[in-house]
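Dock chain U against chain Y, hints included.
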Amino acid sequence: MLGYYLRLALKSFGRNPGITALMVLAIALGIAVCVMTLTVYHAMSGNPIWWKNDRLYAVTMDNWDPNHPLMPDSDLPPHEMTYKDTQFLFASNIPLRKVVMYPTLGVISEAGAEPPTQVFTRVTTADFFAMFEAPFLYGNGWSASADKPPQPVIVLSRAENDKLFGGANSVGRTLRWDDHEFRVIGVLNDWFPRPRFYDLNNAAFREPDATYIPYGWGSELQLLNEGESDCWRPEKLDNYKDYEASDCVWQQMWVELPDAATRERFQSFMDGYWAEQRKAGRFQRPKNNRLTDVAQWLRDNQVVDNDNRVLVGLAFAFLALCLINTVGLLLAKFLNGASVTGIRRALGASRRQIFAQLLIEVGVVSVLGALLGLALAALGLVAVHHLYAAASLGERGGYQELTHFDVVGVVWAVILAVAATFAAGLYPAWRIGRLSPATYLKSQ
Amino acid sequence: MLKMHDVSKIYRTDLIETYALRRFSLEVTPGEFVAITGPSGSGKTTFLNVAGLLEEFDSGSYLLEGRDVRSLSDNERSQLRNERIGFIFQSFNLIPDLDVYDNVEVPLRYRRLSGADRRERIGSALELVGLASRARHMPSQLSGGQQQRVAIARAIAGDPAFLLADEPTGNLDSLMSRQVLDLLEQINEMGTTILLVTHDPELARRAQRNVHLVDGQISDFRAYEPHPAVAAGLGSTGAAGA
Chain Y
0 MLGYYLRLAL
10 KSFGRNPGIT
20 ALMVLAIALG
30 IAVCVMTLTV
40 YHAMSGNPIW
50 WKNDRLYAVT
60 MDNWDPNHPL
70 MPDSDLPPHE
80 MTYKDTQFLF
90 ASNIPLRKVV
100 MYPTLGVISE
110 AGAEPPTQVF
120 TRVTTADFFA
130 MFEAPFLYGN
140 GWSASADKPP
150 QPVIVLSRAE
160 NDKLFGGANS
170 VGRTLRWDDH
180 EFRVIGVLND
190 WFPRPRFYDL
200 NNAAFREPDA
210 TYIPYGWGSE
220 LQLLNEGESD
230 CWRPEKLDNY
240 KDYEASDCVW
250 QQMWVELPDA
260 ATRERFQSFM
270 DGYWAEQRKA
280 GRFQRPKNNR
290 LTDVAQWLRD
300 NQVVDNDNRV
310 LVGLAFAFLA
320 LCLINTVGLL
330 LAKFLNGASV
340 TGIRRALGAS
350 RRQIFAQLLI
360 EVGVVSVLGA
370 LLGLALAALG
380 LVAVHHLYAA
390 ASLGERGGYQ
400 ELTHFDVVGV
410 VWAVILAVAA
420 TFAAGLYPAW
430 RIGRLSPATY
440 LKSQ
Chain U
0 MLKMHDVSKI
10 YRTDLIETYA
20 LRRFSLEVTP
30 GEFVAITGPS
40 GSGKTTFLNV
50 AGLLEEFDSG
60 SYLLEGRDVR
70 SLSDNERSQL
80 RNERIGFIFQ
90 SFNLIPDLDV
100 YDNVEVPLRY
110 RRLSGADRRE
120 RIGSALELVG
130 LASRARHMPS
140 QLSGGQQQRV
150 AIARAIAGDP
160 AFLLADEPTG
170 NLDSLMSRQV
180 LDLLEQINEM
190 GTTILLVTHD
200 PELARRAQRN
210 VHLVDGQISD
220 FRAYEPHPAV
230 AAGLGSTGAA
240 GA
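As they're listed, the protein sequences go chains Y and U. Residues in the first sequence are numbered from 0 upward in steps of one, following numbering that gives the first Met the number 0. Residues in the second sequence are numbered from 0 upward in steps of one, following numbering that gives the first Met the number 0.
Excised from the complex, chain U in its bound form:
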């Protein structure tokens, strides 16, 4: 599904060049749940932006579902983002003057779906995240966890091939974080590929595979290791390792 090879992303100013990604290579297969970890400034968010076609890269190659993204026009990139990728951000990034229903509807509008189709998808997404009864609430009327669940509903309403989640629990307490992670796991079990950027090693363990970044490069690439308590309680779950 996602194949990056020797991708570099350089931020240049008048005085210095900073490698956000340096000859970065990664392959993600459909249905995987991959956690990207690393210290601040290691390039996690840059990787996510490049993977999500939000930023261009300077060298290397990136194939997304077999398509070379460098050959895509802006319209094609926008269309891919709209139809194949869902985004979940740390600060939720809901549009503040739209209610929950309208926020979830945003990506569907750009896909020019019919009104009936949009209503059905929005309804299903809100049901999945447990917020169907809050459809006409404004984001300011929701808790942090609820807002993030709205963001998840928005991300999945278009039935994307994969989700990119950038510190989705960064602004949430532990209870809400668990709820969000449970939801992501549920979505992954339905077949959606998930790339999750996180600082939290506990959250990273929930993924099937960990990728550890340092200074724009992969420093560690480990398969999923279940938490000892989980392993003891549930038995071996197997691992979709690299």
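Excised from the complex, chain Y in its bound form:
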């Protein structure tokens, strides 16, 4: 009977092409708006490393002004830490992996072949790549021994490698970074975690850094933090050593703690260090040593603002409106065909069979609407891509990269739409099946 009902559905569409087209379009518009909004929302709020959410932790301690919190309406500590605090905590062997880092700017060129350009560079310890699962196209990162004393090695982003070396395997090649020769040991593959969860303080949706150099170069070359750097009191900063010795926060720290026991141990380690420092006159605010997982880190940093949440709500409201319209159109369509339904009932179709036939028709409409909706969503996302082109910082990266299809989200949106359309069609199909056959036949 399924094949028969499908054939009847197609004939029914041919009988009322206008209403059918309206229904398909209504569903398609609702799905398209929802899918687009969900995709952008997911890109802007999703946890890009959700599979490691129970292992990766941002390390923060509250060394702020004892008389004033960092933020008046929040008990969150500063997002970054002082140099001396990160150095002490980094010395711990408890974490499986550990990263201390900060962004800086450097001038890069390849043996004079290209005019030098200024690029964002991440000064980081070796575990960055493994901890955050940055994929390599060529080569690999450096080992911990290359951090201190720092080895003149450098990792390039794929975009930077394309610019400098035409996309070729540049491992082993040398280039100049801030007038120092570095050897390329790795080129990252396309890697655009959205948002850049590990550095939310400095343009969360910017493209990843162009280059990465070992952490020790920071002190060696006295590299300043080109991102967020805050001091809660006036500090004597006559030289780089003063900067490192100050209570200014400018370094980011992350640890990988594979289980609850390790997490507890490291927390105790932090708390012990805090207690000692407090005795020495630091950390005069209440104890607020945190190990924050990525999901909570995104929430604490309010990565997705309320506007986006409201947009998602509006998108679903729009979908609901489209489905309500579809219910009305379905009722009109089925009532228009009520005389045929009456004939079928007179000829022996039960209510269940009429219901099944009409639901199949609803199903075909919902699938057609879902397919058209996906196509419209793809077009819409391309339009958003071009809309944000002006905000791009390059061919890759920037807000453009927000607008790609999230397969999981799309599948859920399609399932939702098809299910919702089915639900929307239940009432009209049930309603038509319930009326007495003679009611329709009288209209003949």
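Simulated from the structure, these hints should not be mistaken for lab results. No residue lacks a Cβ here, since even glycine has one placed at the ideal position from N, Cα and C. Fair warning: there could be bad hints in the mix.
With the C-beta cut set under 7 angstroms, the calculated list includes, among others, these residues of chain U facing chain Y [what the hints assert, rightly or not]: (1) Asn48; (2) Gly65; (3) Asp96.
Frame of chain Y, contents of chain U only:
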């Protein structure tokens, strides 16, 4: 086969109640050809709808082949309509976007017969009504008489126990009307019980028994009286009277 006793059907609005059938009683035996006559609004179509399980009634009893129809569920009623009853309507009621073959096939689909069984029954029915060569025509491509013959084929394809015909010749000219009536008589001779609603007394005379309705009640109940010309030409045919 059909036994109605004191059946009443009332249509109610906010202001008035209308008795379409008022304490209506009728018995039809298998193989009969009964004509139901009466003026407009007398309850003929309502009777047919109740008899054909298309409408429910408010009081009384109705036994169809020994089964009390009031105890039947919607599925059972639908199944009875599908397997035991054939309908022929004044306005043919063919499904316009199905061709002749598909129209005749409709009741057979709901009986879940095999494809081969359906093809055989459809072929036989169309042969009987003389439209086997028009199987792939659309209803709009047929004359009124041909459409009604398709409707008859649809009604008999499932080999029903009885046919309910509501003014089957109402939209046809006299020639086509005669053709349709000839067909119905042929079907009746094969053993199918026929209830025919008609305005036309000439057509009513073709039946074995007449039931005359007025205001939802039987006002006259006469046995078959052959037309004088028929009686003179063919001799007495006998009458299956009430």
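Here is how each hint holds up against the structure:
1. Asn48: It holds, given that the least Cβ distance between U/Asn48 and chain Y is near 5 angstroms, below 7 angstroms.
2. Gly65: violated (20 angstroms)
3. Asp96: With a closest approach of 5 angstroms, the U/Asp96 hint holds.
Checked against the numbered hints above, the structure violates only hint 2.
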